[in-house]
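Protein chains in written order, with the numbering used here: chain G, -7 to 104; chain X, 259 to 369.
Incorrect hints may appear among the rest.
Within a straight-line C-alpha distance of at most 30 Å, the following computed DSBU-like cross-link-like pairs (lysine-lysine) qualify [to be verified]:
1) X:K329 to G:K62
2) G:K48 to G:K62
3) X:K267 to X:K329
4) X:K329 to X:K315
5) G:K48 to G:K60
6) X:K315 to X:K267
7) X:K315 to X:K355
8) G:K60 to X:K355
9) X:K355 to G:K48
10) X:K329 to X:K355
11) G:K62 to X:K355
12) X:K315 to X:K272
13) X:K355 to X:K328
14) G:K48 to G:K59
15) X:K355 to G:K59
No lab work stands behind these hints, which were simulated from the structure alone.
Small disclaimer: the values here were computed from a predicted structure and weren't measured.
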Amino acid sequence: GEDVEQSLFLSVREGDSSVINCTYTDSSSTYLYWYKQEPGAGLQLLTYIFSNMDMKQDQRLTVLLNKKDKHLSLRIADTQTGDSAIYFCAESLMDSSYKLIFGSGTRLLVRP
Amino acid sequence: NAGVTQTPKFRVLKTGQSMTLLCAQDMNHEYMYWYRQDPGMGLRLIHYSVGEGTTAKGEVPDGYNVSRLKKQNFLLGLESAAPSQTSVYFCASISDKREQFFGPGTRLTVL
């Protein structure tokens, strides 16, 4: 079945790197996404990766995909207090709906 | 471009009342979605549409109906609201590049 799992909480010091991990179960996933949600706000698309890629870098963000282990990670370099938020991993399956299956989110707290 | 917009932003209903949530997008996207978000959980898909005049059920469709009469609008209806439908509702649309954009959300409380 379809399932996406994330750890619930991560705390880092400002300036350090953050690594948020995600595992998924469906091997037919085509795209994998990272979203950021600040309190009371909607979901902001941070980045996404196609399943035939191993890595994608976009400024401070690096996404790593290990397809064999069905493991996705988001690394945020030089983490700032403004990065404190909930981060959601999501997978898009290989069907015609393009719907997303979400994890329950990782709350990132950046300490000054 | 306004992107994806939702109205209303907040609503309080009594059990048994009905209401319609409106989602609009100005990006000419074919696919649109309604999700709900409950505390400590990710988003769950209620219904979706792959084009004007089409709708399909998602993961948690019971108690909801949808309509897509115009390409830019996707309506979510609650015919008889229940406390279990207290949630934050998000609408989304997807681009040709598979980027899924979300609206700001509607916070609904059913008493």
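Hints, verified against the model:
1. X:K329 to G:K62: Distance of about 36 Å is beyond 30 Å: violated.
2. G:K48 to G:K62: Holds: K48 of chain G and K62 of chain G sit about 16 Å apart, inside 30 Å.
3. X:K267 to X:K329: The hint holds at about 22 Å.
4. X:K329 to X:K315: Distance of about 18 Å is within 30 Å: holds.
5. G:K48 to G:K60: The given pair, whose Cα atoms are some 17 Å apart, holds under the 30 Å limit.
6. X:K315 to X:K267: Holds. K315 of chain X to K267 of chain X sits at ~24 Å (cutoff 30 Å).
7. X:K315 to X:K355: holds (23 Å)
8. G:K60 to X:K355: holds (25 Å)
9. X:K355 to G:K48: Judged against 30 Å, a Cα distance of about 16 Å means the pair holds.
10. X:K329 to X:K355: Holds, at roughly 18 Å.
11. G:K62 to X:K355: With Cα atoms ~22 Å apart, K62 of chain G and K355 of chain X stay inside 30 Å; holds.
12. X:K315 to X:K272: Judged against 30 Å, a Cα distance of about 25 Å means the pair holds.
13. X:K355 to X:K328: Within the cut-off at roughly 22 Å; holds.
14. G:K48 to G:K59: This hinted pair holds, its Cα atoms lying about 14 Å apart.
15. X:K355 to G:K59: holds (21 Å)
Hint compliance for this structure: hint 1 is the single one not met.
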